[in-house]
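Residue numbers (our numbering), protein chains in the order written: chain A, 1 to 284; chain B, 1001 to 1251.
It is worth saying that the hints were derived from the structure and are not from the lab. A few of these clues could be false.
Claimed, not checked - Pairs of lysine-lysine residues, derived as BS3-like cross-links and limited to a Cα-Cα distance of at most 30 Å, are as follows:
#, chain 1, residue 1, chain 2, residue 2
1, B, K1137, A, K203
2, B, K1067, B, K1137
3, B, K1146, A, K203
4, B, K1067, B, K1017
5, B, K1194, B, K1137
6, A, K203, B, K1116
7, B, K1194, B, K1209
8, B, K1137, B, K1116
9, B, K1193, B, K1067
The structure presented is a predicted model; accordingly, all values stated were derived computationally and were not measured.
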Amino acid sequence: MNAMMTRALRKQERVSQCITFIILGSVGIPIWNVLQKTYAADTEAASAATPLNTLSPPLDNLYTVLSISFVAILFGIACAFYLQEWLPQTNWVRRFIESIVAILGGVPSIFYGILATGIFFSYAGTLKTIGVVRAPQGPGDGAALESLSFPHDTPVFYIVVLTFILMVMPLTIKTTQAALRSVATPIREAAYALGASHWQVLKTQVIPIALTQILAAGCRAMSSALATVALIFGIYVWQYTDAPGEMSNRFVLFLSSALLFSIFSSILIKLCTSASADPAHPTR
Amino acid sequence: MKNKIEISGLEVHYEGKPALNRVSFDVHENEILGIIGPAQSGKTTLLKVINRTLEFVPEASMEGTVKLDGVDISTIGDVYGLRRRIGMVLPLPVGLPLSIYDNVAFAPRAAGLRAKSQLDELVERCLQQAALWDEVKDRLNTLGTKLSGGQQQRLTIARALSHAPEVLCLDEFSIAIDPVTTMRIEEVLKTLKKEMTILLVTNLVQQAKRLADRTAFFLNGDLVEIDTTDVIFSDTPTQQATYDYVNGTFG
Ligand SMILES: Nc1ncnc2c1ncn2[C@@H]1O[C@H](COP(=O)(O)OP(=O)(O)OP(=O)(O)O)[C@@H](O)[C@H]1O
Ligand SMILES: [Mg+2]
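Using the sequences and the accompanying hints, generate a full structural model.
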């Protein structure tokens, strides 16, 4: 009875972890589209060729943000593993990165949002004058709607990307390192004493224990990225539109999908952690 | 008598603070060497040197040589293989967050053993040697960390035996185990002696007296005395400190 329950619990845990992974992974699919859009000389033709084209601009933005932050999070996790597991504590690269992370990670995400918005506006201003982004001509001007998506082939796009990376990476590195550190030293020592190699210890002990925390960190970072986009997007919308009805509809759509995503991911995390709480924190 | 372990001029410092001072002694093959001494005397440090887990303590530095079967362990390239030759039981049980079965099968699997039937047999034998089999035989798939403290400690003993070590190091293994079970495990140790060399660190001097063939007394990182257990526990050991410690009039 007991054995069966444990097995069922472990299965449930694994399933919910897989679901989270798939969701995070599916977010990565549009990366290709983004890249394609970025590098395509003819933006019109490229966007016509991608399935993203069928999505409304707010969803397009959501997808862009999620995929950018997904890449940044994966990169951040890899960084954290390298820093925590391979570099000694005294290594200057590790110290340097950790102090930067400590500084950047302490900045509330709203500041990044304001920073990005500022840059976005200054660029949007110049872009407008050179005609890349057309200013709305009057009430109900449809052209302004189209330019609401991030222009993928302009510096604005890269600035936004950079903002996300600046914002998401420190958060991910910090929390992943904390998750790895939380794997009790005695557990590692016991595994080493049994003749396991570094990689075996990571694979069989550290990663299973830290995984849910790392996933939670990733989802949290993505949520804060979304919040920042919502800010930029919202201010942009309200600044440039004369047709508040339609614009704010899109804004609300975007915000609510962002909110839904955040809630959904935190529920998933909750499921994961409640299923694996016991093996992760052995009582002693 | 053949020497299993030869330690010469072993010095360990933590951040410059000495933990072991120029310790030299031999451990004979198939003996139980009792290691006694008050807290902070460097007993655990000595065991960490032997299975080379002191390398994970960044602030520790080590000098001197430790030879296993005549080979300097610091020159052994396959450190994982070396650690599998040495079983280690720590004072507080550390159950890996795995099932009971997987806990015991961890080391054999890490060494590359995959055959289910062999693993089953091995797990059963080790759990029996650790006097745990009867209590857990019908719930091998529950988490090892869900067992009671004493059961977890016996699980770590089973785990240490699972890779058929040549040297078994026990660091205050009986802290969490009741006296009756301790006696059963002590009986097992006496039979295991035929197959392996046992280093028994203990705070219970009577346990060393019951089990050990020879006993070493450590004090503040110094090896005060090493001799046959009979001599150490007699009225006339070489050092007065040994007499005081063994008879409980120390300090
Ligand atoms: N990681 C460490 N960093 C700094 N000092 C340490 C470390 N580990 C042990 N020491 C010091 O080394 C000395 C010997 O410690 P050790 O654990 O070997 O003693 P012990 O004989 O096992 O004691 P006990 O009977 O309490 O287990 C102590 O003074 C201790 O403070
Ligand atoms: Mg100790």
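Tested hints:
For the proposed pair K1137(B) and K203(A), the alpha carbon gap of about 27 Å is at most 30 Å, so the pair holds. About 39 Å separates the Cα atoms of K1067(B) and K1137(B), which puts this hinted pair outside 30 Å; it is violated. Distance restraint check for K1146(B) and K203(A): the Cα-Cα separation of roughly 22 Å lies within the 30 Å cut-off, and the hinted pair is therefore satisfied. Restraint check for K1067(B) and K1017(B): satisfied, since their Cα atoms lie roughly 24 Å apart, inside the 30 Å limit.
For the hint pairing K1194(B) with K1137(B), the CA-to-CA distance comes to about 27 Å; that is within 30 Å, so the pair holds. Distance check on the hinted pair: K203(A) and K1116(B) sit about 21 Å apart at the alpha-carbon level, within 30 Å; holds. The suggested pairing of K1194(B) with K1209(B) holds, with an alpha-carbon distance near 19 Å, which does not exceed 30 Å. A C-alpha spacing of about 16 Å is found between K1137(B) and K1116(B), which places the hinted pair at or below 30 Å, so the restraint holds.
With a CA separation close to 20 Å, the supplied pair K1193(B) and K1067(B) stays within the 30 Å bound.
Checked against the numbered hints listed earlier, the structure breaks hint 2 alone; every other hint is satisfied.
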